[in-house]
Amino acid sequence: MKIKLELFGASRDFSDKDHLELDIKDKASIDDLRNEIIKYIDKNFQGNEDFIKVVKSSAFCSENNEIISDNYKITKNQKIGIIPPIGGG
Amino acid sequence: MLHTKIVDYKKDKILTSNAEKFIKDSMFGASIYFLGTVRSINDNKKVIGITYDSHDEMVIKSFEKIYNEADQKLDIKDKAVFIEHAKGHLKLGEISIIIAVACKHRDQAYVLSRYIIEEIKKRSPIWKKEHYENKKVNG
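Which chain is which? The protein sequence lines are A and B, in order.
In our numbering, each residue's number is its place in the first sequence (first place is 1) plus 32.
In our numbering, each residue's number is its place in the second sequence (first place is 1) plus 32.
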């Protein structure tokens, strides 16, 4: 199953594009997704520790723009947003 | 009465005149304009600009939620609130956020304005990356 991960804040450094396309297993949880992103960082950024820290401390949001919990199951090809810790204003 | 917007600085700017038009009403006796602007020094580093990023839909939702909560928590029923936040690259002195509020009395206006900015800082998915004179960034 393919998902589009929209990047925001510090996670924008993960790609030149504004999103990542990741292959994940059916009914993957947000925890599984987090592990897939870390694998991507290991592969493309030699396990950049700052990037991994961002992934571990981020929340995720659904297509309906709601924050979703870590045990949420992703059941279809969808768009998910990564929401790093907030620091604006 | 609420107005909210994310202003993309590539195409637009935040203007206090728009806020003034929106909140102006003879039923209100107190208006406060809060502006956040890009300042030149942070943590002893010389800042030359800031890039703001946001999850626009979630930010707008959070502004609406904060406004509605103010109804319940602060019990200020009659009010006009204008909130805009910048997105994109801003130079020194440019406005990153405006919160304009109008209420019947000054006590309400001060409390409401402060409540809104503090809640936005805590909850709205907005990120900033500072640009320094020596080219380093801190996001």
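Read the hints as simulated data drawn from the structure, not as lab findings.
Quantities reported herein were computed from a predicted structural model and do not represent experimental measurements.
By construction, the Cβ of each residue, glycine as well, lies at the ideal position given by its N, Cα and C atoms.
Incorrect hints may appear among the rest.
As the list claims (entries may be wrong) - In the DSS-like style, the derived pairs of lysine-lysine whose C-alpha atoms are separated by at most 30 angstroms in a straight line are:
id : chain 1 : residue 1 : chain 2 : residue 2
1  : A       : K59       : B       : K45
2  : B       : K154      : B       : K56
3  : A       : K105      : B       : K97
4  : B       : K154      : A       : K88
5  : B       : K77       : B       : K42
6  : B       : K45       : A       : K71
7  : B       : K160      : B       : K45
8  : A       : K49       : B       : K56
9  : B       : K123      : B       : K109
10 : B       : K93       : A       : K88
11 : B       : K56       : B       : K97
Stated by the list, open to error - Over 12 angstroms on every C-beta distance to chain B, these chain A residues come out as not near it, computed from the model:
id : residue
12 : E38
13 : R44
14 : D45
15 : E68
16 : N97
Going through the hints against the structure:
1. K59/A with K45/B: 43 angstroms, violated
2. K154/B with K56/B: It holds: about 28 angstroms lies between the C-alpha atoms, which stays within 30 angstroms.
3. K105/A with K97/B: Given that 30 angstroms is the threshold and the Cα spacing comes to 27 angstroms, the pair holds.
4. K154/B with K88/A: Holds, at roughly 19 angstroms.
5. K77/B with K42/B: 26 angstroms, holds
6. K45/B with K71/A: 40 angstroms, violated
7. K160/B with K45/B: Given that 30 angstroms is the threshold and the Cα spacing comes to 17 angstroms, the pair holds.
8. K49/A with K56/B: Violated, at roughly 42 angstroms.
9. K123/B with K109/B: 37 angstroms, violated
10. K93/B with K88/A: 25 angstroms, holds
11. K56/B with K97/B: At roughly 23 angstroms apart (the allowed maximum being 30 angstroms), K97/B and K56/B satisfy the hint.
12. E38: E38/A is in fact no farther than 12 angstroms from some Cβ atom of chain B, at 8 angstroms.
13. R44: 7 angstroms, violated
14. D45: Answer for D45/A: violated, closest chain B Cβ roughly 8 angstroms.
15. E68: 21 angstroms, holds
16. N97: Its Cβ does come within 12 angstroms of chain B, the nearest being 4 angstroms, so this is violated.
Hint check: violations occur at hints 1, 6, 8, 9, 12, 13, 14 and 16; the rest are consistent with the structure.
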